[in-house]
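**Student:** Residue-level listing of the chains:
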Amino acid sequence: MEKRKIRVLITKIGLDGHDLGAQLIAKILRDAGMEVIYLGKFQTPKRIVSAVISESVDIIGISVLSPNHILLIPEMTDLLKKHDMSHVKVIVGGIVPEPFASQIIEHGVNKIFAHHSTSEDIINYIKQQVTREGR
Amino acid sequence: MCERDEIVVERYKEGAYKKETDSGIKLKEYYTPTDTKYLRYEEINDPGQFPFVRGIHADMYRGKIWTRRMLVGFGTAKHTNERLKYCIKLGASGLCVVCDTPTQLCIDSDHPLALNEAGLVGVPFASLKDMEELFDGIAIDRVSISFQTPGDPGPVIFSQFIALAQNRNISLQSLRGSTTNEPALKMFGYETMNPMDISLKLSTDVIEFCVENNIKFHPVVIGGYVFRENGLNAVQELGVSMAAAALCLEEAVKRGLNIDQVAPRIAMVFSVGSDFFEEVAKFRAARRMWAKLVKGTFNAKEDHSLALTLSAHTSGITLAARQPINNIIRSAYEFLSAILGGCQAVDFSSYDEPFSTPSELASRISLNTQNITAYETGILSVADPLGGSYFIENLTNEIEHEGWKIYKKIIEMGGLIKAYDKGWIRNLIDEQIQKRQVAFEKKERIIVGVNEFKIPDEEEEKLPIHFNPPGATEEQVKNIKQLKNTRNNRETEKALERITKKLEKGWSHNLIPEIVQAVQCYATIGEIWGTVRKTIGLSYDPFESFI
Numbered sequence: 000m001e002k003r004k005i006r007v008l009i010t011k012i013g014l015d016g017h018d019l020g021a022q023l024i025a026k027i028l029r030d031a032g033m034e035v036i037y038l039g040k041f042q043t044p045k046r047i048v049s050a051v052i053s054e055s056v057d058i059i060g061i062s063v064l065s066p067n068h069i070l071l072i073p074e075m076t077d078l079l080k081k082h083d084m085s086h087v088k089v090i091v092g093g094i095v096p097e098p099f100a101s102q103i104i105e106h107g108v109n110k111i112f113a114h115h116s117t118s119e120d121i122i123n124y125i126k127q128q129v130t131r132e133g134r
Numbered sequence: 000m001c002e003r004d005e006i007v008v009e010r011y012k013e014g015a016y017k018k019e020t021d022s023g024i025k026l027k028e029y030y031t032p033t034d035t036k037y038l039r040y041e042e043i044n045d046p047g048q049f050p051f052v053r054g055i056h057a058d059m060y061r062g063k064i065w066t067r068r069m070l071v072g073f074g075t076a077k078h079t080n081e082r083l084k085y086c087i088k089l090g091a092s093g094l095c096v097v098c099d100t101p102t103q104l105c106i107d108s109d110h111p112l113a114l115n116e117a118g119l120v121g122v123p124f125a126s127l128k129d130m131e132e133l134f135d136g137i138a139i140d141r142v143s144i145s146f147q148t149p150g151d152p153g154p155v156i157f158s159q160f161i162a163l164a165q166n167r168n169i170s171l172q173s174l175r176g177s178t179t180n181e182p183a184l185k186m187f188g189y190e191t192m193n194p195m196d197i198s199l200k201l202s203t204d205v206i207e208f209c210v211e212n213n214i215k216f217h218p219v220v221i222g223g224y225v226f227r228e229n230g231l232n233a234v235q236e237l238g239v240s241m242a243a244a245a246l247c248l249e250e251a252v253k254r255g256l257n258i259d260q261v262a263p264r265i266a267m268v269f270s271v272g273s274d275f276f277e278e279v280a281k282f283r284a285a286r287r288m289w290a291k292l293v294k295g296t297f298n299a300k301e302d303h304s305l306a307l308t309l310s311a312h313t314s315g316i317t318l319a320a321r322q323p324i325n326n327i328i329r330s331a332y333e334f335l336s337a338i339l340g341g342c343q344a345v346d347f348s349s350y351d352e353p354f355s356t357p358s359e360l361a362s363r364i365s366l367n368t369q370n371i372t373a374y375e376t377g378i379l380s381v382a383d384p385l386g387g388s389y390f391i392e393n394l395t396n397e398i399e400h401e402g403w404k405i406y407k408k409i410i411e412m413g414g415l416i417k418a419y420d421k422g423w424i425r426n427l428i429d430e431q432i433q434k435r436q437v438a439f440e441k442k443e444r445i446i447v448g449v450n451e452f453k454i455p456d457e458e459e460e461k462l463p464i465h466f467n468p469p470g471a472t473e474e475q476v477k478n479i480k481q482l483k484n485t486r487n488n489r490e491t492e493k494a495l496e497r498i499t500k501k502l503e504k505g506w507s508h509n510l511i512p513e514i515v516q517a518v519q520c521y522a523t524i525g526e527i528w529g530t531v532r533k534t535i536g537l538s539y540d541p542f543e544s545f546i
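In the order they appear, the protein sequences are chains A and B.
Quick note on numbering that gives the first Met the number 0: the first sequence kicks off at 0 and runs consecutively.
Quick note on numbering that gives the first Met the number 0: the second sequence kicks off at 0 and runs consecutively.
Keep in mind that a hint or two might mislead.
Part of the chain B face toward chain A, derived, beta carbon under 8 angstroms [to be verified]: (1) N115; (2) V449; (3) E451.
Here are the simulated DSS-like cross-link-like pairs (lysine-lysine), alpha carbons at most 30 angstroms apart as the crow flies [said to hold, decoys possible]: (4) K40(A) / K434(B); (5) K441(B) / K110(A); (6) K40(A) / K421(B); (7) K40(A) / K483(B); (8) K4(A) / K434(B); (9) K441(B) / K26(A); (10) K442(B) / K26(A); (11) K26(A) / K407(B); (12) K26(A) / K408(B); (13) K45(A) / K533(B).
Reference listing, derived: stretches of chain B covered by chain A, where coverage requires no fewer than 3 residues with Cβ under 8 angstroms from a Cβ of chain A [to be verified]: (14) 93-103; (15) 187-193; (16) 197-206; (17) 343-355; (18) 430-442.
Derived by calculation from the structure, the hints in this document are not laboratory data.
Heads up, the beta-carbon is just placed ideally off N, CA and C, and yes, glycines get one too.
Using the sequences and the hints given, assemble the complete structure.
**Tutor:** Structure follows, in structure tokens:
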């Protein structure tokens, strides 16, 4: 039987419109054989979590630029917990300065990729995380 | 030989030269008269003469130094006001304000989606009150003010500015500066929930209002910067900018405006990438393209229509989060390209751009880079100092040639909007950002301190970065709620009804006078756009389905 592809949700959060990174990473992960659900801009924590549930994704990738992430990402991880979806990994890419980085990691984000990360870093991390979960 | 010695030996031999520019124009080892022999001097001409390749003024920076400014916008209008005053103190000769994300999307600071966002990456322009506080103690008739706001908020912010001038009894003719007010940005990362046709209509209203009232303010700034920072290369930035200009001019002409009253009011803002000579040549080529476009396609007759006012914003995308102090050097070179290219105004992506909105220190360094260049290097004494270089003139020609190819392709598709609808623009962006990333990962594109010449993490520079004033967002939300409770709501509603009535009369009727009246009654940006949306059959709240 063909192995199920890794399902990744790529999204922006809040009103920030800089989606270059999100578009690029979606393409990179698709080329790496993953199934990407691209949610796009202006997403709220609630909308993201309901997409996570309906699309049964393995991992969420959020691309951020605005400091709005320090409020919205914890709101989203809280919602994941509330819906028993804490097993879904959360990775964040983009501009996350300290102390925000440590704060969102404490709040359930698994990994942050800065903008000098390579495609390989990200692909390998996702593969490792998702297979470790014994899929 | 140990491994380290080998690296040293390799480095001794290595070459960092490129066989082509960042946008793919082939480079020779050197250039000779043969490379420019087909070029008649009339095609270059003196500075201040058609086709303005060498600059729009004969005396260039002797007549006036470029407008030195720094992008500001964070917290409440009061916070931004303090920073504007700080920039003036440091020698800024123009002001430059950027709006926050709710304003970009034309919703109020107290909209459910704005509660965590007001004042985060720009200043809110929710109502006239914000505009009043923003310029408290600043003589708006004596300084050039640039509102860097994408398409849709432009007409409302412009109206707030007009209302402020009226209330201060300032003649509208004395206002200088610009609003971006550029609907084409919606195709390049600044999407809003409003349809293109109404955005274009309102953008054209601002142009018409400026023409009719003889206001020498730039009502539209074509947003090459945004096209570029979304991934396009320098040549594509040029071609798309000319297509965006054509779209804007066509709308104005359709409105019945005289091209010679419109064209001088349109400016462009370009990004400045890291390929030094290509960027210099790009600015030179842009002026020649504009002159040809406006003369040839739009039949403009007067010199001031054909001379393109150019501003530059140094690139944000070329800056790195690793060893960020290096960004000061990157921006300085980019800035130098803009000045050797003959720009009228410059502002910076400061060295802390990869982390936050600019800190005070970063703002100071950005302005000082400009001041040092202006006052210490002697660079501004002679107009177009690179003009006549075999290489630069050849490169200017090549870039123009390639830029026209992009422009013509877009026009053949039926213009910029059709090219976007067909997905052509999206493909262009995708192709470019991927190329860029691959070149970075393969180290064909070296970024010092990032993919080469790295230092250990623990040695990385720790910058003092700018955090928003605590409680600013909450304060803004509270203020706007209070405003809605304390203003004369009957008057506000009546003013909004007048917008509806005027719009129902037909789209060729200018809405700006009614928007100014509504703004005077403290109608908010969300209410004004909501009213417009409802009148044309859309939901009042653009994010109705998102909540």
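**Student:** Each hint needs a verdict: does it hold in this structure or not?
**Tutor:** Hints, one by one, checked against the model:
1. At a threshold of 8 angstroms, the smallest CB-CB gap from N115(B) to chain A is about 5 angstroms, leaving the interface hint in force.
2. Using the Cβ-Cβ criterion of 8 angstroms, the hint placing V449(B) at the interface with chain A is satisfied: the shortest such distance is roughly 5 angstroms.
3. A least Cβ separation of about 11 angstroms between E451(B) and chain A goes past the 8 angstroms threshold, and the interface hint is therefore violated.
4. Our distance criterion of 30 angstroms between C-alpha atoms is met by K40(A) and K434(B), whose separation comes to about 23 angstroms.
5. For the proposed pair K441(B) and K110(A), the alpha carbon gap of about 24 angstroms is at most 30 angstroms, so the pair holds.
6. The suggested pairing of K40(A) with K421(B) holds, with an alpha-carbon distance near 21 angstroms, which does not exceed 30 angstroms.
7. Of the supplied pair hints, the one linking K40(A) and K483(B) holds, its CA atoms being roughly 29 angstroms apart against a limit of 30 angstroms.
8. The hinted pair formed by K4(A) and K434(B) meets the criterion: a straight-line CA distance of about 26 angstroms does not exceed 30 angstroms.
9. For the proposed pair K441(B) and K26(A), the alpha carbon gap of about 18 angstroms is at most 30 angstroms, so the pair holds.
10. Restraint check: the Cα-Cα separation between K442(B) and K26(A) comes to about 20 angstroms, which is no more than 30 angstroms; the hinted pair holds.
11. The straight-line distance between the Cα atoms of K26(A) and K407(B) is roughly 29 angstroms, inside the 30 angstroms bound, and the hint therefore holds.
12. For the given pair, K26(A) sits about 26 angstroms from K408(B) by alpha-carbon distance, which is consistent with the 30 angstroms threshold.
13. Restraint check: the Cα-Cα separation between K45(A) and K533(B) comes to about 27 angstroms, which is no more than 30 angstroms; the hinted pair holds.
14. Counting residues of the stretch 93-103 of chain B whose beta-carbon sits less than 8 angstroms from any beta-carbon of chain A gives 3, enough to reach three: the coverage restraint holds.
15. Coverage of the stretch 187-193 of chain B by chain A holds in this model, with 3 residues showing a Cβ closer than 8 angstroms to a Cβ of that chain against a need of three.
16. Requiring three or more residues with a Cβ within less than 8 angstroms of a Cβ of chain A, the coverage given for the stretch 197-206 of chain B is violated, as only 0 such residues are present.
17. Remark: the stretch 343-355 of chain B is confirmed as covered by chain A, as 3 of its residues place a Cβ nearer than 8 angstroms to a Cβ of that chain, reaching the required three.
18. A count of 4 residues in the stretch 430-442 of chain B with a Cβ less than 8 angstroms from any Cβ of chain A is obtained; the coverage claim is therefore met, three being the minimum.
Comparing the model with each numbered hint stated earlier shows that hints 3, 16 do not hold.
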